[in-house]
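Protein chains: 2
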Amino acid sequence: MTYCVGLLLDRGMILLSDTRTNAGLDNIATYRKMYTFEDPGERVVVILAAGSLSVTQTTIAELNEAIESPEATPESSIMQAPTMLKVAAIIGDTLSKVRLSVDDKLAVMRQGASASLIVAGQRKGGTMRLFLVYPEGNFIEATDDTPFLQIGEHKYGKPILDRIVRPETSIEDGLKAVLLSMDSTLRSNLSVGMPLDLAVILADECRVSSRRRIEAGDPDFVQMSLAWSQALRDSFAKIEV
Amino acid sequence: MTYCVGLLLDRGMILLSDTRTNAGLDNIATYRKMYTFEDPGERVVVILAAGSLSVTQTTIAELNEAIESPEATPESSIMQAPTMLKVAAIIGDTLSKVRLSVDDKLAVMRQGASASLIVAGQRKGGTMRLFLVYPEGNFIEATDDTPFLQIGEHKYGKPILDRIVRPETSIEDGLKAVLLSMDSTLRSNLSVGMPLDLAVILADECRVSSRRRIEAGDPDFVQMSLAWSQALRDSFAKIEV
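Chains R and B, in that order, are what the protein sequence lines are. Under this note's numbering, residues 1 to 241 are what the first sequence spells out, in order. Under this note's numbering, residues 242 to 482 are what the second sequence spells out, in order.
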């Protein structure tokens with residue numbers, strides 16, 4: 001499984017994904033689940049992927065082919081599409097097509113394949129937008145009321161986001177919130193694993209403003225995780241039933 | 242949906258369940274999901290139920306019939322069974338039979354029915370035991386390594402249990418842990434709802450030592466929930482990334 005989360009804050013978007021992929025319990029590997037498409041200052045699109053690796057990798061490959069094709073048009077290339085809504089639509093159509101094709105192949109084994117994506121992007125002159133694209137290709141969008149989207153093993157890490165994340169949350173607090181949300185997920189579910197990929201898109205920069213891979217044992221992450229555990233235990237001790 | 246949790250602590254067992262039941266989004270009702278079987282001082286069995294109400298109610302009804310039958314035997318009645326393992330087996334067999342029968346009826350509508358149970362019990366001279374009974378009738382048991390079991394919407398409330406609950410945890414801390422675990426679930430998932438049913442079985446008392454229904458707006462619960470939110474926000478503010 002996977003856990004990916006995206007925040008849409010007034011000051012920017014924050015994206016975090018894990019990297020654990022497994023095909024059965026004895027075949028565990030590390031794959032990047034964050035894909036970046038960038039024309040710095042003009043347009044940025046970051047995709048986070050959860051689900052069948054064969055579906056997500058092929059979807060990304062097809063999006064790349066469409067971008068690089070000599071016949072690329074605003075209808076086919078997410079780097080030329082006139083709006084982020086159109087970008088989400090192209091990604092949704094591509095995902096849906098790939099998923100159906102892989103699903104057909106797997107039907108003979110009575111298995112299926114599925115995947116969901118988080119799409120964050122901004123083009124020059126437009127606003128930042130954050131989408132969740134479903135396996136069928138349709139999508140929803142983050143709003144002021146719900147300024148975060150999650151895919152994969154999303155339940156363990158939702159309570160902290162529900163309590164903390166608002167559109168006016170600072171980038172620093174947003175980073176803390178997604179990392180603590182991931183920390184809760186890592187602790188409770190073995191199928192989500194380090195390292196992590198973290199990206200920040202500051203408002204109106206139209207590029208990946210910062211990017212970081214957090215390896216297992218990363219001293220800052222370990223420190224934060226321990227401090228949070230301790231803080232939770234201290235808080236727990238103070239609460240009266 | 243539902244959220245039920247049971248703790249097996251050195252000093253006793255703690256059981257908590259919500260009461261929300263829905264048949265579609267426009268038919269929401271309150272049903273007790275905690276069932277008590279008690280011969281105080283001799284034997285106590287508490288069952289928490291998650292899943293299709295028609296399956297769980299019929300299962301409980303059949304268990305009751307078997308207890309009250311003039312032909313009740315240690316093979317058929319959970320109030321006569323020689324061990325808690327046998328109690329779990331009787332409950333598992335009953336659940337499995339009822340589930341199959343309801344499932345058969347629903348097959349014509351291309352639907353299915355399922356349910357899981359948590360079973361906590363002790364008989365005089367035996368040890369406290371806590372089981373999770375699967376829809377198929379098989380079951381697992383809580384141990385020192387994993388002293389809690391959950392059914393229903395279990396993911397939101399798992400991180401706090403993972404961090405806090407150990408066999409040596411006090412009853413007071415156990416109560417806090419299950420209520421905070423429920424609080425996180427209530428906040429993040431609308432299909433779990435107040436009121437709550439809470440029961441404590443102190444070690445070797447072989448009876449329900451205390452029992453409480455916590456209504457929506459219960460001042461202690463609201464106070465605890467607010468204090469926990471505040472403590473989490475304070476902790477969050479103190480953590481450095």
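Be aware that one or more of the hints could be misleading.
Quick list of the computed label-pair ranges, beta carbon to beta carbon [stated by the list, open to error]:
| no. | chain 1 | residue 1 | chain 2 | residue 2 | range |
| --- | --- | --- | --- | --- | --- |
| 1 | B | Ala468 | R | Arg32 | 52 to 58 Å |
| 2 | B | Asp334 | R | Glu168 | 52 to 58 Å |
| 3 | B | Glu382 | R | Ala227 | 44 to 50 Å |
In silico negatives: residues of chain R with every beta carbon more than 12 Å from chain B [as the list claims (entries may be wrong)]:
| no. | residue |
| --- | --- |
| 4 | Asp104 |
| 5 | Lys158 |
| 6 | Ser188 |
| 7 | Arg207 |
Which stretches of chain B does chain R cover? Using the computed rule of at least three CB atoms under 8 Å from a CB of chain R, they are [to be verified]:
| no. | stretch |
| --- | --- |
| 8 | 356-368 |
| 9 | 414-427 |
Bear in mind the hints are in silico, worked out from the structure with no lab data behind them. C-beta: ideal position from N, C-alpha, C; glycine also.
Tell me if chain R covers the stretch 356-368 of chain B under the three-residue, 8 Å CB rule, please?
With 0 residues in contact (Cβ-Cβ under 8 Å with chain R), the coverage given for the stretch 356-368 of chain B is violated.
Quick check on a hinted range of 44 to 50 Å for Glu382 of chain B and Ala227 of chain R, using CB atoms only.
violated (35 Å)
For the stretch 414-427 of chain B, do at least 3 residues have a Cβ located nearer than 8 Å to some Cβ of chain R?
With 7 residues in contact (Cβ-Cβ under 8 Å with chain R), the coverage given for the stretch 414-427 of chain B holds.
No chain B beta carbon within 12 Å of Lys158 of chain R's
About 5 Å separates Lys158 of chain R from the closest Cβ of chain B, which leaves it inside 12 Å; violated.
Assertion that Arg207 of chain R lies outside the chain B interface [Cβ separation over 12 Å]:
holds (22 Å)
Minimum C-beta separation from Asp104 of chain R to chain B exceeding 12 Å: can you confirm that?
Fine: 22 Å to the nearest Cβ keeps Asp104 of chain R off the interface.
Ala468 of chain B paired with Arg32 of chain R, Cβ distance criterion 52 to 58 Å
Given range 52 to 58 Å: violated, Cβ gap about 41 Å.
Please test the hint of 52 to 58 Å on the beta carbon pair from Asp334 of chain B and Glu168 of chain R.
holds (56 Å)
Taking 12 Å as the cut and beta carbons as the points, is Ser188 of chain R off the interface with chain B?
Answer for Ser188 of chain R: violated, closest chain B Cβ roughly 5 Å.
Comparing the model with each numbered hint stated earlier shows that hints 1, 3, 5, 6, 8 do not hold.
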